[in-house]
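Student: Assemble the complex: chain B is given as a structure, and chains D and X must be docked to it using the hints.
Residue numbers (the working numbering), protein chains in the order written: chain B, 32 to 283; chain D, 4 to 271; chain X, 15 to 478.
The set of hints was computed from the structure by calculation and includes no laboratory data.
Predicted model only: the values in this text are computed from it and were never measured.
Just the calculated beta-carbon pair ranges, DEER-fashion: (1) D:18 - B:205: 43 to 53 Å; (2) X:375 - B:205: 13 to 23 Å; (3) D:6 - B:251: 34 to 44 Å; (4) B:257 - D:227: 41 to 51 Å; (5) X:414 - D:251: 28 to 38 Å; (6) B:81 - X:333: 31 to 41 Å; (7) X:333 - B:84: 39 to 49 Å; (8) B:264 - X:146: 23 to 33 Å; (9) B:151 - X:272: 58 to 68 Å; (10) D:171 - X:297: 54 to 64 Å; (11) D:18 - B:257: 22 to 32 Å; (12) B:84 - X:431: 51 to 61 Å; (13) X:219 - D:170: 53 to 63 Å; (14) B:258 - X:216: 47 to 57 Å.
By construction, the Cβ of each residue, glycine as well, lies at the ideal position given by its N, Cα and C atoms.
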Amino acid sequence: MPRTAPLHPFTVLALAAAVVATTTAAGRWWLSCTVLLGCLLLAVWARRARRLAGLAAAILAPAWGSQLLIHGMVDTAGSQVLAAAGPLRITAEGLRLAAELGLRTAVLVVAGLLCTLLIDRHDLVAAVDLSGAPPQLGYLVAATLSLLPRLAQRQRAIGEAQALRGAAAGAGPLGWWRRVRLRSVPLVLSALQDAADRSTHLAARGFPAAGPHTRLRSVPDSAGQRRLRRIAMACIVLGPLAVLAPTWMELA
Amino acid sequence: MSPNLTLPENATGHPLRRRLMAAAGVLLLMGTYTALVLTQPAGLIDGLGQGVALATFAAYLAAAILLLAAVLPELPVATLTLIPVALALNIVLGQFVGSVMIPLYLDSLGTVLVGFLAGRRAGAATGVLGTLIWSLFNPTVLPFAAGAALVGFLAGTAARFGALRRPYLAPVAGLVAGVLVGVLSAPVAAFVFGGTSGVGTGALVAAFRSMGDSLLGAVTKQALISDPGDKAIVFLLAALLIYALPGRLTAGFAFVRRYRVLGRRGSR
Amino acid sequence: MSAGRDTVLRLALERFSYSGAEGDTLRDIDLSLAPGSLTVIAGDSGSGKSTLGAVLAGMLPRHGGDELEATLHLAGQEIRHTAGAGPRIDPVGWARQVGMLPQDARHYLSGVRETVEEELALGLENAGVPRARMRERIAALADRLGLHALLPRDPGKLSGGQERLVALAALALDAPPVLVLDEPLAGLDAAAAARVSALVGRLRSASTALVLLTRSRDRLAAGADRVLFLRGGSCHEADTAVAPRTATAANRRPLSHASVLLEFAGVDLGYAASAEPIVAGLDLRLRAGECVALTGPNGSGKTTVLKAAAGLLRPGAGEIVHRTNPGGSVGMLLQNPADQLFERTVHREVAFGLPRRGPEAARVPAVLDALGLAAAADTHPYELPASARRLVALATVLVREPMVLLLDEPTEALDAHGVERLHMALGAVLERGGAVLLASHDEAFMAAAAHRVHRLGAPGGIRA
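One chain only, chain B, in its complex shape (with noise of 0.2 Å):
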C-alpha cells in the first residue's frame, strides 16, 4: 500500500512550484541532481518509486533524445569539436547545454509527477472546490479523472460488442478508418448522450453553485501548512529572483 501524510494538497504543490523555479533558475547541475535524488528518496518513503520512474522515463526519454539531437549533434557554435561528419557536429557545449535543458526537464517532470503520486485526487477536488476558483472547476477535474477509466472500459465493450456482431475491420488506410468508426461512433455518440442526460439532473441539484458552497469533505490542514504555503508562495518568485539578479547586474 502507498505510504501518505495528512498534508493539504495545495502545501504539496505550492512546495514543488517552489522548488522547481528556483532549481531551474540557479541551473547547476549538482542542484537539479539533489533535487532528484530528493523526490526519488520521497517516493521510495511513498512506495511508489517504480511508479515514478517508470512515468518520467516514459516521458523523459523522447525529450531527452530530442535534445540531444538539437544541441548534441547539429551544434554550431561550440569550440571544442569532439567529431563532426557532413551536417552532424558534436560539441563538447553541445552536449554540456544538451545535458543542462535535459535535468532542466527531469525536475519539472519529476517534481511534478511526484505530487500526482502524493495527492489523493479527492482531496485535490475538495481543496479545489473549497478555494476561491470558480465552483465549475473542480467538478470539471473530478468528473474527467473518474470519467477516464469508464471511457477506456467502454471502448473496450465496444470493441467486444462489434467483434461479437462480426463486423470486422480488415487492413489497410480503408481498415484503420472503419475501425475508428466502429470504435469512435458508439463510444462518441453515448459519451454525448449520457453528459446531456446527466446536465439536467446536475443543474436540479444546483450545480454549479451561485452562491458560497460548501464541502462535506474537509481536507487535511494546519496552520503551519498555511505559513509553509506562503513560504512557498514568496519561494516561486523571490527564489528566482534571488539566483537571477546577480547574474542580470553582470550583465547589464
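Tutor: Chains D and X alone, transformed into the frame defined by chain B:
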C-alpha cells in the same frame, strides 16, 4: 415565502471583470510572444536563458488561466458536462487513433468537438482544462495550455462561420488553425525545454538548425510542418463524428441551433 | 385560479414538441397530484411518458428550443407556457418542489465523489449548507431510510439497485412534495426490487406525491390511485392496447434426440483479476431446437456464461464444445445496444459488413420487417425509442442467421410489442434447427419462451 420556480428573463451578461481578465490573458500572451520573437534570446542556459524559460512558462500558463477564469462562469451546465467527456475522449481516442498512425498527436479531438458543438469560449476553456488535467500525468504540457486554448477557440470560430456546412471545409479550417497554433506554441518548446517532446520532431528541428536556422526559427518551421496536418485531420475526424450524431442530439446545443453550424444537415 | 388545497401539482397541457421535430410528442394531458398519492403513467417505449415526466420535473422545455403550451400550478404559483415564449425555469427551485429519478440512476448521481455520503451531500454543498449541519441531515436521512451501510461505499461500485436507493435518498434529502420515478424497478432482481419498493413506500407514507412512469404494471404500480395510459403522446383512461400473447417457443417441445449444438462440461469461469471463479463446475447442454434460460441474482455470472459461449472468455477449467455445422455461427445480443450502433440509418446498421450482393444482405428487409422495423429503416438508430433500438441490435445479430443465439437480458427495455416480436424471432431460430441461450430476470418471459431454466447460485458473498 414562495419559492423561486422561474428565472428572470434576461440572461447574465458579461460582467466587466471577466472581460478585463480575458483581455489581460490575450495581451499577456501576445506581449510575451512578441517580446520573444523580437529579442530572440540566444543563450539558453546562462542567466538570461533561465530567466526567459521561467518567464515564458509563467506568462503562457498565467494567460491560459486568466482566459479560463474569464470563460468558466459563463458556460451553461450542458457544456460543463460535455467538457469532461471531451477531455476523456481526447485521451482515449487519441490513444486509439494515434496508436495506428504514429506521426500525429491527435490529442485535441475532444477539444475540437466541444468547439464545434458549444462555441469558441467553451472550446478555449476545454483546451486549458485539458492541459491542466493532462499535466497531472505529464507536467511538461503545462505551458502549452495557451496553444490548446487557441485550438478550441479556432474550432468554435470555424464552426460559427460555417466550416461544418461542407465536409471539405473542416480540414481547411484545421490547416489554418494548425499554422496559428504551431506559431504560438513554438517559443515554449524552444525557450522552456530547448527541444520538442519527441525524437522524430527533434530530428526535424536538428536538421533546420544544421542549415543555420535560429532555435526559434527551427522549432517554428518544424511546428509548421507537423501541426497543420495534425489539426486538419483532427478537424476532419471531429466533423465526421458530428455528422454521425443524430439530429436530436446536435440540436440540443444552443450554439449549433443559433449559428446553423451544420447548415442543411442539421435541419434534416 | 389556483390549485386546490389537496393538490400539490396540476398540469394542463395542450401540446409539446421537441426542437426541430415534426409532430407533437405530447398533447391534451390533464393531471393533478394529491399529497401521498401514486399516479401511474403507463405506456410503451416511445409513447412520450419520459417526456411527460421531464415536463413535470421542469427539465423540459429547453429554453429557446422546444415548444410547450401548458399551464402548471405548483407551490401556489401559476406557470404558463405559450407557443412562442415561456418562462425560464429555475432548475434548483423547481427541483425543490418536483424531484426526478431517471431510469438510469447513474445519470442522477454525479459520479465524482469518493463515498455515497459525499454524493448525497452534493445538493447541500451547492446550497452552501455548513458541514456540521450537512452531517446531521444525512445521518437523519440514513436513519429514516435505513441506508447507513451504504454511506461509506464507493458510488462507482454500487449495484443497479443500490444506485437507485442512493439516488432516491439524495432526492428525499430536500423532501420535495412531488417525485417522478422513471421505471424504478426495471432490470432489478427480486431482492433489489423489494428494497427499492420499500423505500418508495416510505416516501409515499411521508405524504410525497409520486408519479410512476412504467412500461409494465409491476408491484409498485399495483397500489396506484390512478392509472393513465399514454399512447402516441395522449392519455387514455383504460388500457386499450393489450398485446395478445402469440404462440411461444415453449409450446413446441424439442426432440430429445436432436443434436447438441453447445455443451459446457465442468466449466469454471472468472476474470483473471479475481482469484475466485464467478461460475464453477457448470454443466449445460443446448440441443438444436431448444431454448434454455439462465437466471440467478445480480452478479451470479449469467453474462459471463454467455460471453464464454460466444468465445470471448476462455474457461479456467473444463471445456466448452461447439457442435454447429460448418457455416453455422454463434450470435450474441449484448445488454447495452449503445455499444454497437454507429451507422446513420437502421438499414445501413443492419447491413454493415455484409457482402453487398450476398444472401445475407438480401435478407435485411425481411429481418427488419419481422422485427417491425421496416418503417424505421431510414431513421437514425439513436432517434428510435429504447425498445426499437434494442430490436435494431437484435436485427444485426439475426441477419447472420446464427445457429446458436445468445441473448443477455433480452426483454430489458422492450415493451409489450417488442416482447412479442422477440418471441416470434426466437421461434424462427428454433424452427430452422438453431438453439437459444438467454440470461434474464424476467420470470414471465422465461416461462413463456424457455424449455427449461438453469438457475445459477449467488456469488461467493461478494455483493451486499
